[in-house]
Amino acid sequence: MTTSVLFDAQGPRAKQRNILYTVFFVVAIAAVGWWVYTSLDEKHQLDWVKWEPFFTSSQPWVTYLWPGLQNTLKAAFFALLIALPLGALFGIGRLSDHRRVRVPSGVVVEFFRAIPVLILMITANAAYSEFTDIASDVRPLYAVVTGLVLYNASVLAEIVRAGIQSLPQGQTDAAKAIGMRKGQTMRYVLLPQSVTAMLPAIVSQIVVIVKDTALGGAVLTFPELLASVRPMSANYGANTIACFTIIALIFVVVNFAITSFASWLERRLRRAKKSTGATLGTGPGGGLDTIGTAPLVIEDGRAT
Amino acid sequence: MEAREIVFDFLEGYDLLGAFWVTVKLTVYSALGALIWGTLLAGMRVGPVPLMRGFGTAYVNIVRNIPLTVIIVFASLGLFQTLQVTLGGGDNFETVNFRLAVLSLALYTAAFVCEALRSGINTVPAGQAEAARALGLSFTQVLRLIILPQAFRSVVNPLANVLIALTKNTTVAAAIGVVEAAYLMKDMIEAEAQLILISAIFAFGFICLTLPTGLVLGWVSKKVAVKR
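So the protein sequences, as listed, match chains G and H. Take the first sequence: its letter number 34 is residue 34 in this note's numbering, and every next letter is one higher. Just remember that this note's numbering sits 1000 ahead of the position in the second sequence, which is counted from 1.
Careful: at least some of the hints might be erroneous.
Claimed, not checked - Residues from chain H shown here face chain G by an in silico Cβ test under 8 Å; the list is partial:
1. N1065
2. L1107
3. T1171
4. L1197
5. I1201
What the hints assert, rightly or not - Residues of chain G placed beyond 10 Å of chain H at every Cβ, according to the derived structure:
6. L6
7. F55
8. P85
If you are wondering where the hints come from, they were derived from the structure by calculation, not from laboratory data. Cβ coordinates follow ideal geometry from the N, Cα and C atoms, glycine included.
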């Protein structure tokens, strides 16, 4: 029997009532499930022929799914690789003592956070075809990575900034007291400590990057996982539902692994005595970003 | 005057405001749907019925990890073209796609609303719920009268971020042919040789939508925050 501060330990009547609720809920779920089942069955989407290719042969996996997943991960990897240093640069830039560094960094970060990634990707794609001679078969990859970098670098900049700001003022004061310069304070005192605080937030930003690669498949002909639906359903007899189920499953598995890693990291770092103990939460928005004047959520030990 | 007409005459024939109006409509309808469904999910997740708790947790963890693009494209290819779900839109493709986009955006965003709300519920001191239970209030009464009103006030800022992300996410509807801002932009870029200007106009449009939302709701969140 679970207890919570929100409800009393259940007596016999409450238990009965909960069983009743459970029954109602099961009936409701079953009704929805039945509707889904019959409408799928009516369109012959549940026929074994449509699902069988995924289980009995390696062909769809080798020809469509694995290359698609590879492209998805490739774009995400490159985007992260470029966005991380850029984000660190702009995040530290926003904390600069010099107005001429702080203000432009802030403007750039706020600008790219306010614009949808898709707009950035479409613009990058068109710009590459107009102003550069990047071959048209890799252009979608470049465009997707560019869009992801511009957006995620500014999100990461905010994570870095919040991470550094989460450190106690005493750290800076102590560094000043022993005669460190500003650059030294940042490099030897602030950054090493704040990295532990921002790691979980960074890792969960990877989920956002992985998910956003799908935009490239839907709008820019980037051959990633989602884009493999059309050729697959054309090849295996219009098994749209089966294809989407498999693809959604792959995304869930990949992202769930990353999310679990992030929360494991968060728990572990919170336990570690070396750091200040504060971690930037992965945020209630989870995969969503923060914007404007709102600071990132800094959770203390008690939240969720 | 002359120069301005020459620079902007490529805008002729495009319904710029109309496209942004579709973006706004997508945002508002999906926000309402997501708020209702997300609150229900949060209620399930903190409630006393184990099955509902499990359902809420599973829903959030699955939906959060699927790209919105996959959900929206599935709504079009799977729900509409394969299963012929039209959501009462009949033969009108535009209406059907618009409704499917709203449905997908609402279902997706609800997971984030639920998580924001749940973290808000955690900020309400335990004494509040204990006092309410001591008065003999039932779980739904505790949630409805004591916990949620305080939780909502403390999560205005996170919810504002969800709303802003939703505004930007509406562009994904372009993938299934809803004529909103990103769709029109792609159209215009292909037809006109004014890449930088077109992109700047649409970027400006989105900044006009998202920045005031953040500022206004940031102000609201300070106004309504429960002082403790």
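Hint check results:
At its closest, the beta carbon of N1065 (chain H) sits 4 Å from a beta carbon of chain G; the interface hint therefore holds under the 8 Å criterion. Checking L1107 (chain H) against chain G: minimum C-beta separation of about 13 Å lies over 8 Å; hint violated. The closest approach between the C-beta of T1171 (chain H) and any C-beta of chain G is roughly 4 Å, which is under the 8 Å cut-off, so the hint is satisfied. About 11 Å separates the beta-carbon of L1197 (chain H) from the nearest beta-carbon of chain G, more than 8 Å, and the hint is not met.
Look at I1201 (chain H): its Cβ only gets to about 11 Å from chain G, farther than 8 Å, so that hint breaks. For L6 (chain G), the requirement that its beta carbon stay farther than 10 Å from each beta carbon of chain H is not met, with the minimum near 5 Å. No beta-carbon of chain H comes within 10 Å of the beta-carbon of F55 (chain G); the shortest separation is about 20 Å. With 10 Å as the threshold on Cβ separation, the claim that P85 (chain G) sits away from chain H holds: the shortest Cβ distance comes to roughly 24 Å.
Hints 2, 4, 5, 6 from the earlier list are contradicted by this structure; the remaining hints agree with it.
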